[in-house]
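Could you put the whole structure together from the sequences, leaning on the hints where they help?
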Amino acid sequence: METPITEFVLFKPKQPSPAFDSVISALKSVQGVDAVYHGSQLEDQTTHVFVIRWTSHDAFTAFSSSEAYTPWLADFKALAADPRFYQVRFTPSATPALDAPCTEVVVAYGIRRAVFVDNLHIFSDRMTEGGRAGSMEGWHANAWGEVTTPLPAPAGGAEGHAAVLLVGWDSKEAHLNAKAVPGPISDNIELIRKEREALTMLQYHVNLNRL
Numbered sequence: 001m002e003t004p005i006t007e008f009v010l011f012k013p014k015q016p017s018p019a020f021d022s023v024i025s026a027l028k029s030v031q032g033v034d035a036v037y038h039g040s041q042l043e044d045q046t047t048h049v050f051v052i053r054w055t056s057h058d059a060f061t062a063f064s065s066s067e068a069y070t071p072w073l074a075d076f077k078a079l080a081a082d083p084r085f086y087q088v089r090f091t092p093s094a095t096p097a098l099d100a101p102c103t104e105v106v107v108a109y110g111i112r113r114a115v116f117v118d119n120l121h122i123f124s125d126r127m128t129e130g131g132r133a134g135s136m137e138g139w140h141a142n143a144w145g146e147v148t149t150p151l152p153a154p155a156g157g158a159e160g161h162a163a164v165l166l167v168g169w170d171s172k173e174a175h176l177n178a179k180a181v182p183g184p185i186s187d188n189i190e191l192i193r194k195e196r197e198a199l200t201m202l203q204y205h206v207n208l209n210r211l
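Heads up: the sequence shown begins at 1 in full-length UniProt numbering, then just goes up one per residue.
One thing to keep in mind: the hints can contain errors.
[What the hints assert, rightly or not] Pairs of lysine to aspartate or glutamate residues, derived as EDC-like cross-links and limited to a Cα-Cα distance of at most 16 Å, are as follows:
1) Lys172 to Asp99
2) Lys172 to Asp118
3) Lys12 to Asp75
4) Lys12 to Glu43
5) Lys179 to Glu190
6) Lys194 to Asp75
7) Lys179 to Asp118
8) Lys14 to Asp118
9) Lys28 to Asp82
10) Lys12 to Asp44
11) Lys77 to Asp21
12) Lys28 to Glu7
13) Lys12 to Asp125
14) Lys172 to Asp75
15) Lys14 to Asp75
16) Lys172 to Asp58
Treat the hints as calculated values from the structure; they're not laboratory data.
If you want it as structure tokens, here you go:
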């Protein structure tokens, strides 16, 4: 069975309202693209996020090695300044978190893989248990996974292992309210605050539109 892979692309548009329609249409027509999402970070509206759900890594590889990829990438880079790409294999499916009204994205850089990934798994499972039990109002879904290739921290640090946590919420405010009180987040947050070599964590919220 093929394992879906989720690609994130962070970028700043080179103009206020770039015409991405042709770039998106070309991408959506690629075999193996299951869904494409777009939004801007609520904490920094100048930073945009594309999320691409591939049916498998082989599907992405087939596109990236095809004759169509180079002109598509050139068209995209003509509109997007300094795009950053990375891919994650999520457990469970990322779709419910991406389809939520608001998606929280947490990227941990410089992780110690064996310990941190286990802790992230536990943290996500405990959030899911609490959310399903009704202890976090506005919660939709969790997903977690490792980035498939070494990833440099945003400030230009050395490349290292990274992992991502996705959480779907009704809104950013729902997340802030949930973490401000005793519950699955505050009771377990130390699990993902330790065992990071680079001590770098990027967190943002984005209201994604499925295109």
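- Item | Lys12 paired with Asp75 [C-alpha distance capped at 16 Å] | It holds: about 15 Å lies between the C-alpha atoms, which stays within 16 Å.
- Query: Lys77 and Asp21: Cα distance at most 16 Å?
  - Reply: holds, 14 Å
- Does Lys12 pair with Asp44 here, judged by a C-alpha cut-off of 16 Å? holds, 10 Å
- 16 Å limit on alpha-carbon distance, applied to hinted pair Lys14 and Asp118: Not satisfied, since the Cα-Cα distance of roughly 39 Å exceeds 16 Å.
- Query: Does Asp82 lie within 16 Å of Lys28 when you go C-alpha to C-alpha?
  - Reply: violated, 22 Å
- Query: Is it true that the CA of Lys12 sits at most 16 Å from the CA of Asp125?
  - Reply: violated, 33 Å
- Item | Proposed proximity, Asp58 with Lys172 (alpha carbon, max 16 Å) | violated, 34 Å
- Item | Satisfaction of hint between Asp99 and Lys172, Cα-Cα up to 16 Å | Cα-Cα ~14 Å, so holds.
- Query: CA of Lys172 to CA of Asp118, is that 16 Å or under?
  - Reply: Violated. Lys172 to Asp118 sits at ~26 Å, over the 16 Å cutoff.
- Query: Is Lys14 within 16 Å of Asp75, Cα to Cα?
  - Reply: Between Lys14 and Asp75 the Cα gap is close to 12 Å, so the pair holds against 16 Å.
- Could you grab the alpha-carbon distance between Lys12 and Glu43 and see if it respects the 16 Å cut-off? holds, 14 Å
- Is the hinted pair Lys28 and Glu7 satisfied, with a Cα-Cα distance of at most 16 Å? Between Lys28 and Glu7 the Cα gap is close to 13 Å, so the pair holds against 16 Å.
Consistency with the previously given hints fails for numbers 2, 6, 7, 8, 9, 13, 14, 16, ordered from lowest to highest.
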